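For reference, the chains in residue letters:
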Amino acid sequence: SQQGEEDPQALSIQEGENATMNCSYKTSINNLQWYRQNSGRGLVHLILIRSNEREKHSGRLRVTLDTSKKSSSLLITASRAADTASYFCATAPATYGNNRLAFGKGNQVVVIP
Amino acid sequence: DGGITQSPKYLFRKEGQNVTLSCEQNLNHDAMYWYRQDPGQGLRLIYYSQIVNDFQKGDIAEGYSVSREKKESFPLTVTSAQKNPTAFYLCASRTGEKLFFGSGTQLSVL
Numbered sequence: 001s002q003q004g005e006e007d008p009q010a011l012s013i014q015e016g017e018n019a020t021m022n023c024s025y026k027t028s029i030n031n032l033q034w035y036r037q038n039s040g041r042g043l044v045h046l047i048l049i050r051s052n053e054r055e056k057h058s059g060r061l062r063v064t065l066d067t068s069k070k071s072s073s074l075l076i077t078a079s080r081a082a083d084t085a086s087y088f089c090a091t092a093p094a095t096y097g098n099n100r101l102a103f104g105k106g107n108q109v110v111v112i113p
Numbered sequence: 001d002g003g004i005t006q007s008p009k010y011l012f013r014k015e016g017q018n019v020t021l022s023c024e025q026n027l028n029h030d031a032m033y034w035y036r037q038d039p040g041q042g043l044r045l046i047y048y049s050q051i052v053n054d055f056q057k058g059d060i061a062e063g064y065s066v067s068r069e070k071k072e073s074f075p076l077t078v079t080s081a082q083k084n085p086t087a088f089y090l091c092a093s094r095t096g097e098k099l100f101f102g103s104g105t106q107l108s109v110l
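Here the protein sequences line up with chains A and B, keeping their order. With the numbering used here applied, the first sequence covers 1 to 113. With the numbering used here applied, the second sequence covers 1 to 110.
It should be emphasised that the hints constitute simulated quantities derived from the structure, not laboratory data. Just so you know, not all the hints are guaranteed correct.
[Stated by the list, open to error] Computed list of lysine-lysine pairs in DSS-like fashion (alpha-carbon distance at most 30 Å, straight line): (1) A/K56 - B/K71; (2) A/K56 - B/K14; (3) B/K9 - A/K70; (4) A/K26 - B/K57; (5) A/K105 - B/K9; (6) B/K71 - B/K9; (7) B/K57 - A/K105; (8) B/K83 - A/K69; (9) A/K26 - B/K9; (10) B/K98 - A/K26; (11) A/K70 - B/K98; (12) A/K69 - A/K105; (13) A/K56 - A/K70; (14) A/K26 - A/K56; (15) A/K105 - B/K98.
Note that the coordinates shown come from a computational prediction; the quantities given were computed from them, not determined experimentally.
One chain only, chain B, in its complex shape (with noise of 0.2 Å):
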C-alpha cells in the first residue's frame, strides 16, 4: 500500500523539549517538503528537500531542523526556539507537478 506516513498523529510537547515528527514515503519520490498549517490560514512551507543529503529552508524555517539521510524519510524537529509550536503539521512527497500529502500530526503545547 503506496503512501506517506506520519507518526504520531497527536504529539504533546513541555517547555523547553525538542521533538521529532516522523515522516515515511514508499513512493520512491525524490522530492519531500513540510508544511505547517494554523486553523483559518493555509499551508507555510518550512523545509523542502529534492534529493538525499539535501534540504532548503521554506518560509517559516526559523525553530525548526530536518534531515535526509535516506530517501524514504523526512523527520522533522521542532526545537525549543520555536515558541509557538502548536498547529497541524504534513509532510508531502511530489512527482512531476503534483504533491502528495501524509495524514498529518497535531502538535500542541503542554
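Here chain A stands alone, though its shape is the one from the complex (with noise of 0.2 Å):
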C-alpha cells in the first residue's frame, strides 16, 4: 500500500537556490526516509528520520518530522546542477517496520545552472 504521499509538483529552480518538497503518511510509523532517483537509474537513499525525532540534518539536506500532522519536509540548501532528479519519501509502518517500506510518488526537481 501506498503511504508516503509527496506533494505532486515538478519543482525548478536556479542554481543557489533552496528547493523544499513535502510529503504526507496515513498510519504510523517507525522511521521515514528519503531517497533521490536519478533518470533510468535506481535509487540512492539521502536521509533517515525516526519518528521521535523532529529535525535532522545531513550536509545541504535538513528533514523535519511532524508525527501530528503525519507530514515531513526535504530541504536542499544552495542546490546545484547535479541536485537535478526525482526525490522520493519512504515510510517505514509501525505494522511491518523496515520490511516493507511504502514510497511516494516522487517530486521532479530541476536546478537550472
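With the hints as a guide, dock the two chains, each given alone in a separate frame, to form the complex.
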C-alpha cells in the first residue's frame, strides 16, 4: 500500500536557491526516509528520520518530521545542477517495520545552472 | 566493488512469454526486494525475501514469481499472466533500515 505521498510538484529552480518538498503519510511509522533517483537509475538513500525525532541535518539536507500532522519536509539548500533528480519519501509502517517501506510518487526537481 | 547488479538493462517480452530478471548482490544482506515503477508513480512492492528459501508477496504480486535459493540472488520472473508488464523494475537489498538499489531493468512488450 502506498503511504508516503509527496506533493505532486515538479520544481524548477535556479542554482544556488533552496528546494523544499513535502510528504504526507497516513498511518503510524517507525521512520521516514528520503531517496533520490537520477533519470533511468536506481534510488539512493539520502537521509532517515525516526518517529521520535523532529529535525535532522546531513550536509545540505534538512529533514523535518511532524508526527501529529503525519508529514515531513525535505529542504535542499544552495542547490546545484547535480541535484537535478526525483526525490521520494518512504515510510516504514509501525505494523511492518522496515520490511515493507511504502514509497510516494516522487517529486521531480530541476536545477537550472 | 560491492553493490547490486541487475541484468539485463533492457528486456523485451513477446506475448505469452515468461521472462526472468536477474538481481545479484555481494553486500551480504539478508533481505532483498523487487519493486515496480511506472511513469509518474512511486515504487510498488512486488515480492520480498528476508532470508534464503523464504519470500513473501508484496502489494502487486499477481503475475510474478520469485525464488531465493542463494543469499546473493533474487530473480524475478514476469509470467504471461501479467498482462501489463511494461515498467521499470528495481531490485533492492536492505541492511538495518536502509535500502540499496540496483540500476533497474526496463521491460517492454513487443
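The hints, checked one at a time:
| no. | hint | in the structure |
| --- | --- | --- |
| 1 | A/K56 - B/K71 | 34 Å, violated |
| 2 | A/K56 - B/K14 | 48 Å, violated |
| 3 | B/K9 - A/K70 | 37 Å, violated |
| 4 | A/K26 - B/K57 | 22 Å, holds |
| 5 | A/K105 - B/K9 | 23 Å, holds |
| 6 | B/K71 - B/K9 | 22 Å, holds |
| 7 | B/K57 - A/K105 | 21 Å, holds |
| 8 | B/K83 - A/K69 | 39 Å, violated |
| 9 | A/K26 - B/K9 | 35 Å, violated |
| 10 | B/K98 - A/K26 | 21 Å, holds |
| 11 | A/K70 - B/K98 | 21 Å, holds |
| 12 | A/K69 - A/K105 | 19 Å, holds |
| 13 | A/K56 - A/K70 | 16 Å, holds |
| 14 | A/K26 - A/K56 | 21 Å, holds |
| 15 | A/K105 - B/K98 | 19 Å, holds |
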